[in-house]
Amino acid sequence: MSALSTYRVLELCESVGGEYCGKLLSDFGADVIKIERPGSGSPTRGLGPFGGGEGAAQERSGLFAYLNTNKSSVALDLASDAGVQALAGLLEHVDIVIDDHADGWLKRAGLDPASFAEKWPGLVLCSVTPYGQNTPDDRRHAEDLTVFHSSGWGYHTPGGGYDALPPLKGPGRFLVSYESGMEAAMCIVAALYEREETGKGQFIDIAMNEVMASRADYVLAQFIAGEMDVSTSRGAFDLGGPAGIFPCQDGYIYVFMATPQHWGAYLQLTGNPDWARDLPPDWLMKGLTPERIANCRRDLCAWLATKGKDEAAAEAQALGMTLVPVNDARDLLASPQYVHRRYFAEVTHPVLGTALYPTVPYRMSETPARIASPAPLLGQHNAERLAVLEGKGA
Amino acid sequence: MMVDRKRGGPLAGVRVVELSKVWAGPETGKHFAFMGAEVIRIESLGSLDVTRYDSLTGDINKARGFHSVNPQKLSAQIDIKAKEGVALVLDLLREADIIVENLRPGAMARLGLGYEAVKAVNPGIVYISMGMYGNDGPLAYQTGYAPCFNAVGGLSALVGYEGQAPTGINIRYADSTYGSAAAYAGLVALLHKRRTGVGQFVDVSAVEAMTSMVADTVIDYTLNGVVHGCDGNRHPDMAPHGVYPCQDDDWISIAVPSDAAWEALAAAMGLAGDPRFGSLAGRKANEAELDRLIADWTATRDARELVADLQARGVAAGKSQNTIDMISDQLLWERGFYPEVAEPDGSSRPIIGPSWKMTRGAEISDGAPNLGQHTAYVLGDILGLSPDEQQQLAAAGITR
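Residue numbers (numbering that gives the first Met the number 0), protein chains in the order written: chain L, 0 to 393; chain C, 0 to 399.
Be aware that one or more of the hints could be misleading.
Said to hold, decoys possible - Quick list of in silico lysine to any residue cross-link-like pairs, SDA-like style, CA-CA up to 20 Å:
| hint | chain 1 | residue 1 | chain 2 | residue 2 |
| --- | --- | --- | --- | --- |
| 1 | L | Lys199 | C | Gly12 |
| 2 | C | Lys61 | L | Arg36 |
| 3 | L | Lys285 | C | Leu55 |
| 4 | C | Lys61 | L | Gly263 |
| 5 | C | Lys356 | L | Gly225 |
| 6 | C | Lys20 | L | Met284 |
| 7 | C | Lys5 | L | Glu195 |
| 8 | C | Lys20 | L | Thr258 |
| 9 | L | Lys285 | C | Thr50 |
| 10 | L | Lys199 | L | Met284 |
| 11 | C | Lys20 | L | Leu238 |
| 12 | C | Lys82 | C | Leu55 |
| 13 | L | Lys106 | C | Lys118 |
| 14 | L | Lys199 | C | Lys118 |
| 15 | L | Lys285 | C | Val49 |
| 16 | L | Lys199 | C | Glu362 |
| 17 | C | Lys61 | L | Ala101 |
| 18 | C | Lys82 | C | Thr358 |
| 19 | L | Lys285 | L | Ala313 |
| 20 | C | Lys356 | L | Ala85 |
| 21 | L | Lys118 | L | Gln84 |
| 22 | C | Lys356 | L | Leu238 |
| 23 | C | Lys61 | C | Glu333 |
| 24 | C | Lys356 | C | Gly383 |
| 25 | C | Lys118 | C | Glu94 |
| 26 | C | Lys356 | L | Thr353 |
| 27 | L | Lys285 | C | Arg63 |
| 28 | L | Lys285 | C | Ser54 |
| 29 | C | Lys61 | L | Asp228 |
| 30 | L | Lys199 | C | Lys5 |
| 31 | L | Lys118 | C | Arg359 |
| 32 | C | Lys82 | C | Ser54 |
| 33 | L | Lys118 | C | Thr358 |
To be verified - Listed next, the stretches of chain C that the computed footprint assigns to chain L, with coverage defined by at least 3 CB atoms under 8 Å from CB atoms of chain L:
| hint | region |
| --- | --- |
| 34 | 102 to 111 |
| 35 | 213 to 222 |
| 36 | 232 to 239 |
| 37 | 268 to 282 |
| 38 | 295 to 301 |
| 39 | 311 to 318 |
| 40 | 384 to 396 |
Keep in mind the hints are simulated off the structure, nothing from the lab. Since the structure is predicted, the reported quantities are computational estimates derived from the model, not experimental observations. Backbone N, C-alpha and C define an ideal beta-carbon position, used for all residues, glycine too.
Using the sequences and the hints given, assemble the complete structure.
In structure tokens, the structure reads:
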């Protein structure tokens with residue numbers, strides 16, 4: 000039995016954050032019914048990467064296929080009065096509603112966050128928006144990029160030393176959305192835990208900007224408490240030292256060096272170079288100078304020049320140095336560790352065919368997440384699901 | 000003894016024991032604490048969390064990093080390298096719902112605190128085990144810190160300037176994400192336990208948590224064989240999509256997801272109707288020129304005024320916020336993101352609060368604990384040891 004298989008979720012979402020939240024629940028067995036606009040379906044169906052195949056364009060999005068595993072799809076026009084009325088009828092039969100439209104949309108759909116509990120006291124309603132409920136006018140329009148930059152991460156990426164170039168976006172297109180969807184799923188499950196005892200639902204307001212800012216809590220807390228000096232420096236989040244990305248024979252590695260143990264390993268790897276002979280063993284903690292860092296990096300690069308990234312990592316790790324490969328997607332698919340943990344699962348989709356999908360980063364001994372069915376075709380479950388929801392079916 | 004429920008919140012009544020260090024494991028516990036659980040850190044001077052050492056303050060009870068990620072928790076000082084200490088922890092785990100650990104793979108088992116040992120005393124326990132590569136497997140012996148997780152998980156390779164070596168996202172990214180993934184999985188297990196009485200082992204991998212943050216990029220490889228690298232601020236579905244200079248060394252981020260948004264931006268820039276940029280395909284084909292025109296246009300403007308102007312026109316734009324902006328962000332203060340908490344010494348300070356707002360959230364009132372501040376509570380109130388027994392344990396150096 001999957002952990003969430005007795006819960007029914009209505010997903011009103013039309014972007015990545017809310018759909019990812021729904022996926023995190025559906026991969027644990029929750030019965031997630033996705034409401035899609037008739038005709039074109041969820042806008043994520045229009046985003047790549049697209050697979051080949053003969054089917055309709057709206058069924059070829061790899062993004063949609065990834066985000067909507069284990070869900071069913073019901074086409075219903077929530078922009079119409081009839082749709083809003085139909086939605087109200089469905090709410091009797093669900094435990095959870097997830098939405099990621101702009102602040103204000105839920106109220107127009109008949110689910111006012113301030114008052115829905117009067118009608119549906121057991122409902123857990125979760126809203127995922129860029130800046131939360133009551134968004135001020137100067138934050139109303141947002142994308143993952145702008146949230147990444149308002150949350151403090153953007154300005155400090157990559158970090159100090161790049162002042163002539165613009166600060167950067169985060170990895171991939173949707174990191175902010177995935178983070179927020181995960182936070183939403185976490186809060187929903189906590190609310191369900193409480194509901195087991197109280198029978199009460201509640202409203203959960205997820206602001207993507209705050210999710211991202213809280214991800215920097217370790218440093219941001221020190222700025223807010225006045226323990227570290229705030230500034231306009233793009234290096235304000237950085238750590239000193241020789242850590243960084245370095246080229247090797249077949250790509251790049253990342254090395255982190257901060258302790259006497261790391262230094263001991265470095266000396267073994269590089270054959271005790273002359274410049275390092277009289278350095279105190281804790282210089283990485285207490286004796287950083289530009290010259291020492293430059294020397295350290297130079298000899299590391301020389302050692303790396305003849306090594307592949309996995310080979311370098313294995314040799315360095317055996318000595319206690321935290322050196323790892325900089326992987327791309329191809330490396331991840333080939334990783335013996337990812338294979339061992341079965342991180343990629345084969346999924347067969349009626350239009351996209353069979354492909355490996357990333358799964359989840361946790362292995363559960365009793366209630367593992369699993370992909371039992373591919374993402375739905377648009378409106379695939381209209382007949383059966385509407386009947387069940389309206390109390391006409393099993 | 001029953002868990003104190005006075006702070007409310009969805010996890011009121013839940014007891015969590017944390018044997019975790021640095022940032023990721025403590026982040027998992029922090030989420031639980033922020034939801035109302037009683038979170039007890041087991042600590043000892045002999046194997047102290049390095050974040051309790053702060054070269055600036057020189058005081059293990061005033062360590063800045065530790066304070067950041069351990070608010071609203073309790074601390075019991077128990078030496079887990081002594082077998083009497085392990086026995087005490089097992090006794091405590093009998094009374095707990097969740098354990099969170101992020102020691103090296105295998106370390107808990109060697110201490111006698113592995114899953115089987117804990118399950119033997121508490122079959123309903125949710126045992127959250129965290130490792131860079133997860134609990135087992137051919138590479139599980141390797142260790143690393145947050146930026147290593149980014150590199151291994153496939154994130155670092157995607158961040159950098161076009162045509163240059165990757166730089167990766169800021170060095171601080173990863174631990175909190177990984178800790179949050181562990182918290183989500185742990186809560187699913189906790190819910191299952193409440194409904195069935197069955198506990199379980201939750202084995203969380205940091206590097207897989209990272210890969211999940213770029214999963215659609217990986218799908219492009221598994222579907223189409225496409226491997227992505229770093230490409231500055233480019234986005235396949237949006238143009239413009241970038242970060243542009245403003246007055247006073249400020250930067251503004253602008254993302255245009257539709258032709259309508261482009262028309263609004265073009266009107267502001269005096270580029271309305273420019274045939275090169277009318278469609279996404281046109282803007283992508285002329286993106287370097289487009290970025291140059293925008294950067295020239297933004298460079299002489301005040302970032303905040305420009306954000307307000309573009310927002311009024313319906314364009315997604317925001318200031319790229321530095322640390323001064325972050326601590327003075329009115330919206331964050333108004334939403335209660337920086338709650339004030341009481342410190343053990345009676346002073347108060349603002350912290351980073353929960354990201355979420357819930358109808359019945361937990362009260363957030365306390366800062367991070369002093370080392371061993373709650374040892375007596377754990378030994379006496381929870382485990383029911385008499386003052387004499389507690390004194391004997393302290394005299395033997397097992398507790399403090």
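Going down the list of hints, with the structure as the test:
1. Distance restraint check for Lys199 of chain L and Gly12 of chain C: the Cα-Cα separation of roughly 17 Å lies within the 20 Å cut-off, and the hinted pair is therefore satisfied.
2. A hinted pair counts as satisfied when its Cα atoms are at most 20 Å apart, and Lys61 of chain C with Arg36 of chain L does not qualify at roughly 54 Å.
3. A hinted pair counts as satisfied when its Cα atoms are at most 20 Å apart, and Lys285 of chain L with Leu55 of chain C qualifies at roughly 12 Å.
4. Restraint check: the Cα-Cα separation between Lys61 of chain C and Gly263 of chain L comes to about 30 Å, which exceeds 20 Å; the hinted pair is violated.
5. Our distance criterion of 20 Å between C-alpha atoms is broken by Lys356 of chain C and Gly225 of chain L, whose separation comes to about 25 Å.
6. About 19 Å separates the Cα atoms of Lys20 of chain C and Met284 of chain L, which keeps this hinted pair within 20 Å; it holds.
7. Under the criterion of a C-alpha separation no larger than 20 Å, the hint pairing Lys5 of chain C with Glu195 of chain L is consistent with the structure, at around 19 Å.
8. The hinted pair formed by Lys20 of chain C and Thr258 of chain L meets the criterion: a straight-line CA distance of about 16 Å does not exceed 20 Å.
9. Using a Cα cut-off of 20 Å, the hinted pair Lys285 of chain L and Thr50 of chain C holds, with the two alpha carbons roughly 16 Å apart.
10. Between the alpha carbons of Lys199 of chain L and Met284 of chain L the distance comes to roughly 52 Å, so the proposed pair goes past 20 Å and is violated.
11. With a CA separation close to 18 Å, the supplied pair Lys20 of chain C and Leu238 of chain L stays within the 20 Å bound.
12. In summary, the hint linking Lys82 of chain C to Leu55 of chain C is not supported, as the alpha carbons are separated by about 35 Å, beyond the 20 Å threshold.
13. Between Lys106 of chain L and Lys118 of chain C the alpha-carbon distance is near 47 Å, which puts this suggested pair outside the 20 Å criterion.
14. Taking the CA atoms of Lys199 of chain L and Lys118 of chain C, the gap is near 32 Å; set against the 20 Å cutoff, the hint is violated.
15. Annotation: proposed proximity of Lys285 of chain L to Val49 of chain C holds, straight-line Cα distance about 15 Å (limit 20 Å).
16. Distance hint between Lys199 of chain L and Glu362 of chain C is fulfilled; the C-alpha atoms sit about 19 Å from each other, no more than 20 Å.
17. This hinted pair does not check out: Lys61 of chain C and Ala101 of chain L have alpha carbons roughly 41 Å apart, beyond 20 Å.
18. With a C-alpha separation of about 44 Å, the suggested pair Lys82 of chain C and Thr358 of chain C falls outside the 20 Å cut-off, and the hint is violated.
19. Our distance criterion of 20 Å between C-alpha atoms is broken by Lys285 of chain L and Ala313 of chain L, whose separation comes to about 28 Å.
20. Proximity of Lys356 of chain C to Ala85 of chain L is assessed by CA-CA distance (about 29 Å); at most 20 Å being required, the pair is judged violated.
21. The suggested pairing of Lys118 of chain L with Gln84 of chain L holds, with an alpha-carbon distance near 14 Å, which does not exceed 20 Å.
22. About 32 Å separates the Cα atoms of Lys356 of chain C and Leu238 of chain L, which puts this hinted pair outside 20 Å; it is violated.
23. Taking the CA atoms of Lys61 of chain C and Glu333 of chain C, the gap is near 28 Å; set against the 20 Å cutoff, the hint is violated.
24. For the suggested pair Lys356 of chain C and Gly383 of chain C, the alpha carbons sit about 37 Å apart, so the restraint of at most 20 Å is broken.
25. With a C-alpha separation of about 12 Å, the suggested pair Lys118 of chain C and Glu94 of chain C falls inside the 20 Å cut-off, and the hint holds.
26. Of the supplied pair hints, the one linking Lys356 of chain C and Thr353 of chain L is violated, its CA atoms being roughly 40 Å apart against a limit of 20 Å.
27. Among the hinted pairs, Lys285 of chain L with Arg63 of chain C is consistent with the structure: their alpha-carbon atoms are about 18 Å apart, no more than 20 Å.
28. Proximity of Lys285 of chain L to Ser54 of chain C is assessed by CA-CA distance (about 9 Å); at most 20 Å being required, the pair is judged to hold.
29. Using a Cα cut-off of 20 Å, the hinted pair Lys61 of chain C and Asp228 of chain L holds, with the two alpha carbons roughly 17 Å apart.
30. Restraint check for Lys199 of chain L and Lys5 of chain C: the C-alpha separation of about 19 Å stays at or below 20 Å, so the hint holds.
31. A hinted pair counts as satisfied when its Cα atoms are at most 20 Å apart, and Lys118 of chain L with Arg359 of chain C qualifies at roughly 18 Å.
32. Distance check on the hinted pair: Lys82 of chain C and Ser54 of chain C sit about 32 Å apart at the alpha-carbon level, beyond 20 Å; violated.
33. For the proposed pair Lys118 of chain L and Thr358 of chain C, the alpha carbon gap of about 16 Å is at most 20 Å, so the pair holds.
34. For the region 102 to 111 of chain C, the stated coverage by chain L is violated: 0 residues have a C-beta nearer than 8 Å to a C-beta of that chain, whereas at least 3 were required.
35. Coverage of the region 213 to 222 of chain C by chain L holds in this model, with 10 residues showing a Cβ closer than 8 Å to a Cβ of that chain against a need of three.
36. Taking a C-beta to C-beta cut-off of 8 Å, the region 232 to 239 of chain C contributes 5 residues in contact with chain L, enough for the three needed, and the coverage statement holds.
37. By the rule of at least three residues with a Cβ nearer than 8 Å to a Cβ of chain L, the coverage given for the region 268 to 282 of chain C is violated, with 0 such residues.
38. With 0 residues having a beta carbon nearer than 8 Å to a beta carbon of chain L, the region 295 to 301 of chain C misses the requirement of three or more and the stated coverage is violated.
39. For the region 311 to 318 of chain C, the stated coverage by chain L holds: 7 residues have a C-beta nearer than 8 Å to a C-beta of that chain, and at least 3 were required.
40. Taking a C-beta to C-beta cut-off of 8 Å, the region 384 to 396 of chain C contributes 0 residues in contact with chain L, too few for the three needed, and the coverage statement is violated.
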